[in-house]
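Residue numbers (our numbering), protein chains in the order written: chain E, 1 to 290; chain F, 1 to 154.
Honestly, the hints are just simulated from the structure, not real lab data.
You may find that some hints are simply not true.
[To be verified] One-sided and incomplete, this derived list gives chain E residues near chain F with beta-carbon spacing under 10 Å: (1) S200; (2) K210; (3) N264.
[Said to hold, decoys possible] Taking lysine-lysine and the DSS-like style, the derived pairs with C-alpha atoms no more than 27 Å apart in a straight line are: (4) F:K146 to E:K45; (5) F:K146 to E:K246; (6) F:K84 to E:K60; (7) E:K45 to F:K84; (8) E:K257 to F:K38; (9) E:K246 to E:K210; (10) E:K104 to F:K34; (11) E:K65 to E:K114; (12) E:K265 to E:K210; (13) F:K38 to E:K60; (14) E:K60 to F:K146; (15) E:K257 to F:K84; (16) F:K39 to F:K55; (17) E:K188 to E:K210; (18) E:K233 to E:K287; (19) F:K146 to E:K257; (20) E:K265 to F:K146; (21) F:K34 to E:K45.
We treat Cβ as the ideally placed atom computed from N, Cα and C, and that holds for glycine.
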Amino acid sequence: MLKAFSIIVAIVFFTSCGDSGKESNEMPVDSIKSSTVSDADLGSKLYNIPSPIETFTILKMSGAKFDKSLLNAANNIGKYVSIYSKSINLGVYSADLSFCLLYKENQDVNFYLKNVNELTTSLGIDGDFAQLVSQRLKANANNSDSILQIVSDASVDAYVYLKENQRNSTSVLITAGGWLEAMHFIIKMAETTQNKDIISLVASQKNVIKNLVIMLSKFESDAEIASLLTEIKDISAIYETLKESKDKSAVASIDKKIVSIGNNKSYEISKEELSAIREKIELLRNKLTI
Amino acid sequence: MKFSVRTSMFIFALFILFFSMHTAVFAQCKTVIKTGIKKLAPYTHNGQINNVNIKNGKVAEIHLSFYKGLYYKLQISSEKSVGKISFRVLDENNVEVYNSMAKDDNAEFWNFYSNSAQDLIIELKPENNTDSEGCVAVLVGMQIPKSNNPIRNL
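For reference, chain E alone in the conformation it holds in the complex (with noise of 0.2 Å):
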């Protein structure tokens, strides 16, 4: 299992760049802008959040099983025509191919990769990126480590030459599209199962949320963003009506040489509030996705 953890990883750093905010507005996908402003200039505060493989991996520890359905169906790709709806999806079919590497449904990574790199052109993100994992994906079919060196170096070359070329607006969409999908497939398993973890893993995104918030604020003079922050927002809305208790399972590491951090809380979320927040994240999901 940790093999395919680390080969989604690598992949999913489309879903998980951080942001500093450091762009006024978004460049054109071919042109190449000569300056920048340093982190450090405007006070260096850097916000990320977890990546879709790190909510899936906490899914699956609690028992959770695939579910195809779940998935934004691949042949979807012929929709997203602007470079806001391409930008959010690359977000939500990285999130899919990483579920699906997770639970090794190979024909499925298959349509995801596929439609991954596809995006990727698309955007301009580095005009040799897709092709090229590509070909050295073909070459090294066979070999979980070489696959996972070519993504994650992939990965890595692609979010600098999002940072390089200031298109950190594209890099924050990428990211909200990854959550939006993790979302969708946590609150919806939450609900059809009633699993506690499962729904403790959706109250955890209390904390996300507010970091994704700040992340896109720093982007709102754009029309679209400004449009999603706002949904994001309401979602947020219901996050903070939420009550934080003392977690009574608490636990602590068995490793006496690893620190434990944290004050073992958690938050509580009724049915109605569960029920409200799926609501919300459907109707964005299918706004954007559909």
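Please arrange chain F on chain E, whose structure you already have, making use of the hints.
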């Protein structure tokens, strides 16, 4: 406004120099990130890439969310030009939970177990307050508990 051929060439040369330097900065950062990811082993990279450009000895903050129930490793990786980086980890109440300078071990990484879903702030500071500038990355590794019942009730 007209420029002489010589002036135009000078401007063009400046542009090329600036663009080359800019590209070199990001190339350096790419190496810093990749080096950090390799150092996460045996932990698995969680997919996040967090990097900042540190300059003039100023402190940088990285705000990250962590889940309950995973072991984590924070790995600091930086360009040589920025010198040694010290780091502190603060919890949600701004209480220091780790300081790389505290035990004088100059650590570049820190492992911990997260017993709650929580936000942590990683504060990065060059040990020498010089006018140096460079890329610093914080990479996060994760590890699932090894056995089915790896944790004990408090």
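Status of each hint after checking the structure:
no.	hint	result
1	S200	holds (7 Å)
2	K210	holds (8 Å)
3	N264	holds (5 Å)
4	F:K146 to E:K45	violated (34 Å)
5	F:K146 to E:K246	holds (26 Å)
6	F:K84 to E:K60	violated (39 Å)
7	E:K45 to F:K84	holds (20 Å)
8	E:K257 to F:K38	holds (22 Å)
9	E:K246 to E:K210	holds (21 Å)
10	E:K104 to F:K34	holds (26 Å)
11	E:K65 to E:K114	holds (24 Å)
12	E:K265 to E:K210	holds (17 Å)
13	F:K38 to E:K60	holds (25 Å)
14	E:K60 to F:K146	holds (14 Å)
15	E:K257 to F:K84	holds (25 Å)
16	F:K39 to F:K55	holds (24 Å)
17	E:K188 to E:K210	holds (21 Å)
18	E:K233 to E:K287	holds (16 Å)
19	F:K146 to E:K257	holds (15 Å)
20	E:K265 to F:K146	holds (23 Å)
21	F:K34 to E:K45	holds (22 Å)
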